[in-house]
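Colleague: Residues 1 to 558 in full-length UniProt numbering are what the sequence shown spells out, letter by letter.
Treat each hint with caution, since some may be false.
Here are the simulated SDA-like pairs of lysine to any residue, each with C-alpha atoms no more than 20 Å apart in a straight line [to be verified]:
no.	residue 1	residue 2
1	K464	W444
2	K179	F125
3	K463	R451
Hints in this document: simulated from the structure, not taken from any laboratory.
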Amino acid sequence: MNVISEDYLQDTRDRLNKSDNWAETSFGREVMNVVKKNNTSYKKAVRESDSDSSGADSELEDILDEAINEQSEGPTPPKLNKQSVESSSSFVYQERSAFKSPLKLQPATPARDDRGSELVHSVSFYRRMQNQSSTPSTPMRVVRHVSPERAPPATPDEPAANVTTVRERIKELQNEIAKQQTVISQASQALNLCAATIEFSGSTEQAEGERLLLLATHRRQACLHELQRLQVEGAGPAAAPGMASLQLTHLAVPLKRDYVRQLNADGAVGHHAVCLVKCRDRVLATSMQQTQPTATVLHFPDDIRMLGLASDFKVTVEVYLLQASKEVLSHEVKYHISNKKSSSKLLTPKSKISELKAPRVQSPAGPMAVRSPQFSLHGYCIFALQQSTRKNFTLNKVPGGSPLEGSVNLEIKARVQVSPPAPHAAFLTAFDDVSGLGAWHRRWFRLQPPRLAYWKYPDDVQKKMPIGDIDLLTVVSERVIKAPRDLCARPNTILLESSIPAGLIVPDSGSLVYVRRPDGSIVRRHLLAADTPKDRDIWLDCLNKALEYVRCCGTDDD
Numbered sequence: 001m002n003v004i005s006e007d008y009l010q011d012t013r014d015r016l017n018k019s020d021n022w023a024e025t026s027f028g029r030e031v032m033n034v035v036k037k038n039n040t041s042y043k044k045a046v047r048e049s050d051s052d053s054s055g056a057d058s059e060l061e062d063i064l065d066e067a068i069n070e071q072s073e074g075p076t077p078p079k080l081n082k083q084s085v086e087s088s089s090s091f092v093y094q095e096r097s098a099f100k101s102p103l104k105l106q107p108a109t110p111a112r113d114d115r116g117s118e119l120v121h122s123v124s125f126y127r128r129m130q131n132q133s134s135t136p137s138t139p140m141r142v143v144r145h146v147s148p149e150r151a152p153p154a155t156p157d158e159p160a161a162n163v164t165t166v167r168e169r170i171k172e173l174q175n176e177i178a179k180q181q182t183v184i185s186q187a188s189q190a191l192n193l194c195a196a197t198i199e200f201s202g203s204t205e206q207a208e209g210e211r212l213l214l215l216a217t218h219r220r221q222a223c224l225h226e227l228q229r230l231q232v233e234g235a236g237p238a239a240a241p242g243m244a245s246l247q248l249t250h251l252a253v254p255l256k257r258d259y260v261r262q263l264n265a266d267g268a269v270g271h272h273a274v275c276l277v278k279c280r281d282r283v284l285a286t287s288m289q290q291t292q293p294t295a296t297v298l299h300f301p302d303d304i305r306m307l308g309l310a311s312d313f314k315v316t317v318e319v320y321l322l323q324a325s326k327e328v329l330s331h332e333v334k335y336h337i338s339n340k341k342s343s344s345k346l347l348t349p350k351s352k353i354s355e356l357k358a359p360r361v362q363s364p365a366g367p368m369a370v371r372s373p374q375f376s377l378h379g380y381c382i383f384a385l386q387q388s389t390r391k392n393f394t395l396n397k398v399p400g401g402s403p404l405e406g407s408v409n410l411e412i413k414a415r416v417q418v419s420p421p422a423p424h425a426a427f428l429t430a431f432d433d434v435s436g437l438g439a440w441h442r443r444w445f446r447l448q449p450p451r452l453a454y455w456k457y458p459d460d461v462q463k464k465m466p467i468g469d470i471d472l473l474t475v476v477s478e479r480v481i482k483a484p485r486d487l488c489a490r491p492n493t494i495l496l497e498s499s500i501p502a503g504l505i506v507p508d509s510g511s512l513v514y515v516r517r518p519d520g521s522i523v524r525r526h527l528l529a530a531d532t533p534k535d536r537d538i539w540l541d542c543l544n545k546a547l548e549y550v551r552c553c554g555t556d557d558d
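Work the whole structure out from these sequences, hints included.
Modeller: Dropping the structure here:
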């Protein structure tokens, strides 16, 4: 067994110091082969060396072990011929710093062989870290849909939403309810006082207090109904102030002749009467009037006006009566007014015994109890804008023993501020009855409220009188509609019906344009066909606007 010499080891260390990549050279590979064969002899030689060379030998052993490990991990080196170990002039060595242990660098990208290695964190953790690293630093604007019921209040720069208007309206109604509750409480206290004293029991003051209590109670109830309606509808658009105005004058209620005759015979006092005019949350009251033995009609000289109503308003007129009592005490005695001057010179005059010996009667619930109005309903009537031309209405639910005859007379002036529609003209094909046969005639129609006139040609408008016209005030149809298919098979046909003039003789049967309604009235049926569906829709819109304008402004005096 060959033993490696000390000079050979020293020469090897010098070569290692001069070259960093010695393991890749043929010399390095030869050294490794020799080390593998003489490993045992090398270790023995190292043990026998002195203490000074033991450190260098251990260092060389570590280096050789690292070189062997690196060489074993790489591919198998090619076979080389054996040659003597001599210095070679084919290598160029460079002087560098002392050799150090090689630094193990981590690869930039993980190798495929590392799949089986143990992960420090879970997969979800790595994905979460990746999402956080990919999230942009700039905050994103998140748009969320908010329901109208939970909509936030609008900013000062933005217009107020409909839901804010509804909430404000609800708040106004709640304030009005609280206000009317206060009036009810005050009126109840006054009536309790009247009932507790003989001076005002059954007096006119007590009747006026009942009128105020009746008005406050109905106003509060009307506000409660409007509040419940708004709460049920939710955040819908609040009703904006309308453009209609209403004026009621010369309100009169006829009385039964038997009732008037009884007043004359018995000398009875009669009844106190008051009328309430209601429209949604608005309640107005007339002045209180008393029936007289010489009057057969109960007149109310009030001028009642309502502004800002919607065009589809409905007004209710209710008539209330209260049994009156005869006044026993004079005004001076009632209010303890004495016209006589006292002759007593005492600073504190003696208290005189009151002439009113009747004891005071208090309410069983106490002086702060809330009372119910004593006025009773004796009939009501309801009218809308379409009935504003009438002057007489029948009262509903009139009691059997009521002194009222069952009707009410009043003058109504209703106005709606509606801009007149623009005139419209186009060709239409009109249906007519010619000797019992239907015929279609093409005419030039021109709509200018309140009339719909027609000519044969457009040039005849300025030269000739119209062949005929339709007065929109006589139209009884609620709206102009498309003609049903079972009535007219011609496409794009519109239908409107109008009343006939009084005294016009029409055939009882067999007519194609005159129709008898179930109530017995006869109407004139107008069938007008347009050229295209678009023209038909335009005519429908124009005619309905013209009808609304005529019905709203037909009662104006202007």
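Colleague: Holds or violated: are the alpha carbons of K464 and W444 at most 20 Å from each other?
Modeller: holds (13 Å)
Colleague: Take a quick look at whether K463 and R451 sit within 20 Å of each other, Cα to Cα.
Modeller: The hint holds at about 18 Å.
Colleague: Straight-line Cα separation of K179 and F125 no greater than 20 Å?
Modeller: violated (65 Å)
Violated hint: 2 only; the structure is consistent with all others.
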